[in-house]
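Heads up: the sequence lines are chains A and B, in that order.
Read in order, the letters of the first sequence correspond to residues 1 to 781 in the working numbering.
Read in order, the letters of the second sequence correspond to residues 1 to 228 in the working numbering.
In short, the hints are calculated from the structure, not lab data.
Since the structure is predicted, the reported quantities are computational estimates derived from the model, not experimental observations.
Warning: the hint list may mix true and false statements.
Partial pick of chain A residues on the chain B-facing surface, computed with a CB cut under 8 Å [stated by the list, open to error]:
id : residue
1  : Asn4
2  : Thr7
3  : Arg11
4  : Lys17
5  : Arg272
6  : Val276
7  : Ile311
8  : Gly316
9  : Ser317
10 : Gln321
11 : Pro396
12 : Ile397
13 : Asp556
14 : Asn558
15 : Ala756
Derived lysine-lysine pairs resembling DSS-like cross-links, with alpha carbons at most 27 Å apart [as the list claims (entries may be wrong)]:
id : chain 1 : residue 1 : chain 2 : residue 2
16 : A       : Lys307    : B       : Lys135
17 : B       : Lys75     : A       : Lys307
18 : A       : Lys307    : B       : Lys134
19 : A       : Lys307    : B       : Lys29
20 : A       : Lys463    : A       : Lys502
21 : B       : Lys111    : A       : Lys307
22 : A       : Lys463    : A       : Lys629
23 : B       : Lys75     : B       : Lys111
24 : B       : Lys76     : A       : Lys17
25 : A       : Lys307    : B       : Lys161
Every residue gets a Cβ at the ideal spot worked out from N, C-alpha and C, and that includes glycine.
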Amino acid sequence: MFGNFLTLIFRQFARQKVYTFLHLAGLAVGIAGGILTFLFIRYHYTTDRHHQKFDRIFRVVTDLRLDDGSVEAYPEAMPPLAPLLRRQFPQVEEATFFVTNQDVTVRQGDRVFPEHTGVFLVDSSYFKIFDYQWKQGTPASLQKNTAILTERWAKKYFGDRNPMGQRLDIDKETSVLVTGIIADPPPTTDLKAGMFLPLDVIPTFEKDNWWYLNSTNRVYATLKDPTKEAQMEQAMPKVIRKALGADARYIQLHWQPLRDVHFDPRTPGSIRRMLVHTLAWVGLFLVLTACMNFINLTTAQSLRRVKEVGIRKSLGSSRRQLLTQFLLETAVLVGIAFLLALFLVEVLLPYLNQWTQSQLSWQLDTSLTFFLLLLAGTITGLAGAYPAYLQASFAPIAALKGTLRSHRTLSLRQVLTVTQFVVCQVLITGAIVMVCQTRYFEQADLGFKKDNILLINLPEKGKEHVVRQALETYPEIQALTFQFRPPSSTKINGGTFKFADKASFETFALREKIADAAFIPTYGLQLVAGRNIIPSDTLREIVVNEAFLRKLHLKDPNQILGRKLDYYLAHSSLPIVGVVKDFHHLSLHKAIEPCFIGSQASLYQQVGIKLAVDDLEETLPRIRTVWEKIYPQQPFEYQWLDQQLAQSYQAEGSLANLIVLFAGVAVWICGLGLFGLIRFMAETRTKEIGIRKVLGASEGQILYLFGKSFVIMAALGFVVAVPIATVLMQSWLEQFTYRISLHWLYFGGTLLSTLALTLAVIAYQSIRAARTNPVYSLKAE
Amino acid sequence: MISLQDIERYYQNGFTKTYILRHVTTEIKEGEFVSIMGPSGAGKSTLLNIIGLLDQPTSGEYTFLDQPVQRLSEKKRSELYKAYIGFVFQAYHLIDELTVYENLETPLLYKNVPSSERKSRIADILDRFNMVAKKDLFPNQLSGGQQQLVGIARALVGQPKIILADEPTGNLQSAQAEEIMQIFKQLNQEGITIIQVTHSEKNAAYGNRILHLNDGKIVEDLRVESIA
Numbered sequence: 001m002f003g004n005f006l007t008l009i010f011r012q013f014a015r016q017k018v019y020t021f022l023h024l025a026g027l028a029v030g031i032a033g034g035i036l037t038f039l040f041i042r043y044h045y046t047t048d049r050h051h052q053k054f055d056r057i058f059r060v061v062t063d064l065r066l067d068d069g070s071v072e073a074y075p076e077a078m079p080p081l082a083p084l085l086r087r088q089f090p091q092v093e094e095a096t097f098f099v100t101n102q103d104v105t106v107r108q109g110d111r112v113f114p115e116h117t118g119v120f121l122v123d124s125s126y127f128k129i130f131d132y133q134w135k136q137g138t139p140a141s142l143q144k145n146t147a148i149l150t151e152r153w154a155k156k157y158f159g160d161r162n163p164m165g166q167r168l169d170i171d172k173e174t175s176v177l178v179t180g181i182i183a184d185p186p187p188t189t190d191l192k193a194g195m196f197l198p199l200d201v202i203p204t205f206e207k208d209n210w211w212y213l214n215s216t217n218r219v220y221a222t223l224k225d226p227t228k229e230a231q232m233e234q235a236m237p238k239v240i241r242k243a244l245g246a247d248a249r250y251i252q253l254h255w256q257p258l259r260d261v262h263f264d265p266r267t268p269g270s271i272r273r274m275l276v277h278t279l280a281w282v283g284l285f286l287v288l289t290a291c292m293n294f295i296n297l298t299t300a301q302s303l304r305r306v307k308e309v310g311i312r313k314s315l316g317s318s319r320r321q322l323l324t325q326f327l328l329e330t331a332v333l334v335g336i337a338f339l340l341a342l343f344l345v346e347v348l349l350p351y352l353n354q355w356t357q358s359q360l361s362w363q364l365d366t367s368l369t370f371f372l373l374l375l376a377g378t379i380t381g382l383a384g385a386y387p388a389y390l391q392a393s394f395a396p397i398a399a400l401k402g403t404l405r406s407h408r409t410l411s412l413r414q415v416l417t418v419t420q421f422v423v424c425q426v427l428i429t430g431a432i433v434m435v436c437q438t439r440y441f442e443q444a445d446l447g448f449k450k451d452n453i454l455l456i457n458l459p460e461k462g463k464e465h466v467v468r469q470a471l472e473t474y475p476e477i478q479a480l481t482f483q484f485r486p487p488s489s490t491k492i493n494g495g496t497f498k499f500a501d502k503a504s505f506e507t508f509a510l511r512e513k514i515a516d517a518a519f520i521p522t523y524g525l526q527l528v529a530g531r532n533i534i535p536s537d538t539l540r541e542i543v544v545n546e547a548f549l550r551k552l553h554l555k556d557p558n559q560i561l562g563r564k565l566d567y568y569l570a571h572s573s574l575p576i577v578g579v580v581k582d583f584h585h586l587s588l589h590k591a592i593e594p595c596f597i598g599s600q601a602s603l604y605q606q607v608g609i610k611l612a613v614d615d616l617e618e619t620l621p622r623i624r625t626v627w628e629k630i631y632p633q634q635p636f637e638y639q640w641l642d643q644q645l646a647q648s649y650q651a652e653g654s655l656a657n658l659i660v661l662f663a664g665v666a667v668w669i670c671g672l673g674l675f676g677l678i679r680f681m682a683e684t685r686t687k688e689i690g691i692r693k694v695l696g697a698s699e700g701q702i703l704y705l706f707g708k709s710f711v712i713m714a715a716l717g718f719v720v721a722v723p724i725a726t727v728l729m730q731s732w733l734e735q736f737t738y739r740i741s742l743h744w745l746y747f748g749g750t751l752l753s754t755l756a757l758t759l760a761v762i763a764y765q766s767i768r769a770a771r772t773n774p775v776y777s778l779k780a781e
Numbered sequence: 001m002i003s004l005q006d007i008e009r010y011y012q013n014g015f016t017k018t019y020i021l022r023h024v025t026t027e028i029k030e031g032e033f034v035s036i037m038g039p040s041g042a043g044k045s046t047l048l049n050i051i052g053l054l055d056q057p058t059s060g061e062y063t064f065l066d067q068p069v070q071r072l073s074e075k076k077r078s079e080l081y082k083a084y085i086g087f088v089f090q091a092y093h094l095i096d097e098l099t100v101y102e103n104l105e106t107p108l109l110y111k112n113v114p115s116s117e118r119k120s121r122i123a124d125i126l127d128r129f130n131m132v133a134k135k136d137l138f139p140n141q142l143s144g145g146q147q148q149l150v151g152i153a154r155a156l157v158g159q160p161k162i163i164l165a166d167e168p169t170g171n172l173q174s175a176q177a178e179e180i181m182q183i184f185k186q187l188n189q190e191g192i193t194i195i196q197v198t199h200s201e202k203n204a205a206y207g208n209r210i211l212h213l214n215d216g217k218i219v220e221d222l223r224v225e226s227i228a
């Protein structure tokens with residue numbers, strides 16, 4: 001019986017090429033969307049899960065509580081905490097302090113590698129918590145002046161040579177011996193290490209300093225019993241009080257399980273759990289839309305199958321057998337669609353990874369296998385069950401007489417079509433809003449000029465004057481400034497301060513932008529009062545921003561001029577000599593805080609060069625030549641400021657791209673569904689159209705006949721989609737301090753594009769139907 | 001074989017009942033060739049469908065092969081149907097996507113006939129109807145008469161005791177119609193009970209009994225001498 005069904009099914013497909021294509025194209029793309037979503041979720045939920053002790057590993061993080069009540073959350077904790085945890089708490093199995101992403105310059109022979117990410121400073125306790133696959137050496141191989149490399153990094157430095165026993169120079173000061181090689185860790189980790197060095201590689205490392213807090217520091221621990229987490233959390237205030245005394249009120253330590261680390265905003269590269277869940281829902285809806293499409297097309301077509309059902313029933317088929325047949329038919333279609341979807345995923349994944357800047361992998365494991373089977377089963381069930389049930393239950397007599405008209409399914413079809421429109425329009429609105437917000441990020445006025453600015457890292461200190469003299473001779477270089485960081489950066493330092501004429505510290509923190517006097521003119525910052533700082537190599541005077549005034553409730557910027565404040569960077573009090581208009585010193589995710597600009601040559605890390613607009617490409621090699629003369633055998637590392645700034649919005653950009661993709665998929669599925677429904681309508685109504693044409697209907701009137709109900713459904717879908725999209729997008733936008741507001745135009749765009757799609761499909765089909773000569777369509781009957 | 005006691009079939013439409021069949025009582029014995037005649041809307045097809053277990057009476061007693069049909073479960077009825085009844089339709093009702101061979105095979109599949117027996121039975125029936133050469137053709141490649149031959153062959157392949165035919169020649173030209181009727185005649189002589197619905201006096205003449213229906217009632221029950 002199976003064989004008979006299968007033959008029939010394939011003949012059916014061959015006969016109904018267009019509908020089979022519609023079925024497959026919709027399902028395959030929907031399934032591919034579902035699979036991609038799953039890969040995305042798997043990627044984030046398996047982060048660092050490969051460590052055997054995953055459930056027992058915890059990170060200790062620091063909250064900085066300022067006097068004004070604000071709390072700043074950091075991922076780091078202090079070095080002495082780890083040995084203390086080991087010593088004093090029997091619950092703790094192991095604790096480790098390590099430094100992630102230490103900035104070092106690595107030299108191998110005469111090749112220079114500036115490494116900003118991937119160099120981890122650890123001690124042997126690190127490897128007792130985290131699992132690595134050791135190719136050569138053991139955790140004990142990490143000794144003073146040695147290095148452990150991943151295979152990829154070993155290849156980077158040594159090519160195909162055996163890396164073991166080779167030497168690398170770190171920062172000119174230390175020479176290390178490679179004593180261990182580990183397999184590359186999977187991409188699903190937040191600890192993206194390429195090289196491990198011992199902690200004492202940093203000469204300034206203070207292992208007993210409780211204030212040694214740096215955003216790259218980490219403290220992790222394993223508990224013998226993970227349920228003791230709360231106990232540990234409660235023990236922390238005492239630990240801090242003992243170590244910091246009165247200052248303990250500024251610091252609060254928290255324990256967080258490794259499973260939460262990837263979803264905690266303090267982790268670099270983290271993603272909010274809510275977002276992953278939202279995307280899961282989106283994926284689910286994509287699959288559901290594909291199923292709805294299937295149901296719509298199948299039930300619409302089921303009128304065609306009525307006769308077959310009648311015959312089969314009169315030949316003795318039971319309802320179960322018919323159900324089996326129709327479900328089998330769906331299963332075969334779903335099977336083929338799956339193969340297509342897998343092919344699509346295989347082909348598209350590299351592009352998708354590039355487009356959304358992720359490292360989704362398409363590796364078949366139990367979870368993926370299970371998911372694929374579940375998905376196939378669910379889709380077959382969802383898409384197949386109702387039509388199969390419907391078709392199998394046609395009464396045989398009515399079916400054979402052809403008197404069957406299923407009004408019930410028509411209304412179901414309408415409900416499904418409207419639902420599709422809702423999903424589609426929510427996604428389109430989401431895509432529009434996200435793209436607009438991302439563009440806003442890229443194009444917003446930051447309060448300074450960011451175009452044509454070249455940032456070059458200074459490999460060593462003390463040669464700033466030489467650089468300035470050498471570069472200033474070029475006419476295409478309009479200005480240059482030595483700085484700690486550019487005006488806007490992802491990180492910013494700061495501290496508390498007090499006015500010289502007051503006894504106590506202010507309750508709010510002050511942010512610092514350390515740069516020379518050329519900073520303000522180079523970036524076009526606008527002075528609203530006073531003057532720029534005078535050139536100096538040490539911190540002597542400062543310019544503050546307007547946010548600083550606001551914090552002090554000062555209206556007139558001139559009121560602040562001349563006031564002096566004490567700050568940890570300077571030995572003497574610093575007079576405020578000017579006020580600049582607010583500029584965004586952090587990414588647009590964050591609010592503008594009180595900030596000052598002051599010079600301190602010992603802190604400069606880079607030079608910012610403003611170039612004339614014309615010959616960016618030609619100037620670069622010239623600067624490089626000059627550079628290499630001044631800093632021989634040193635890396636020439638540069639970046640364009642606007643590109644660096646754009647990187648801050650990578651996460652949003654990737655997400656927007658993903659949603660655009662999903663919206664595209666939804667539109668595709670929806671479009672196919674419409675195409676199928678309208679085509680079917682045109683086919684079943686050829687006679688009606690013929691009669692209407694004979695009676696004098698114009699093409700436009702026939703178009704109206706077809707289009708009306710679909711346009712109404714699209715509009716209905718829009719009405720439902722607007723509030724859903726508003727709530728979703730509002731909550732997404734709320735995480736940004738600087739954001740676009742939901743404009744009616746976004747919704748207008750959605751409605752317009754949906755209507756355009758609907759009308760295009762309708763127009764194509766109905767013009768085809770309307771152009772048919774009525775003589776032919778009427779003759780057949 | 002078939003016993004109908006006061007069979008009624010009506011549709012409840014609000015407060016009014018629309019009767020299709022009223023007080024139909026009759027008996028049909030094995031080996032009979034019965035023609036049901038009457039004007040359009042007299043209830044002929046409904047009666048045939050009730051006899052053929054495709055439809056059910058609203059009230060009355062129907063006994064088929066000594067089994068009280070209404071009191072049987074759906075499953076039991078379906079077994080009865082599969083074992084003893086073959087249907088032939090005016091519009092042939094072949095499955096368009098299946099070849100002649102596969103169309104003939106379908107009822108056997110539903111009866112769970114084993115593969116080897118299916119092959120031999122279909123081979124026999126193809127042989128008998130001289131259609132061996134056409135077994136791989138699809139219905140739309142056949143003439144109407146040939147399609148109806150397949151339809152009859154399909155009804156026969158299940159080796160039924162009774163064949164129910166709803167205007168089997170209604171869509172055919174007279175020469176083809178005659179051929180079909182001859183086949184029915186022959187089948188009847190071989191012992192198969194045949195009940196047909198027909199408008200044609202000529203076709204009715206092939207049988208040996210005519211039931212005249214009007215407004216859902218049997219108005220005449222005629223024994224006739226069948227033409228040979």
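Broken hints, by number: 4, 5, 6, 13, 14, 15, 19, 20 and 24
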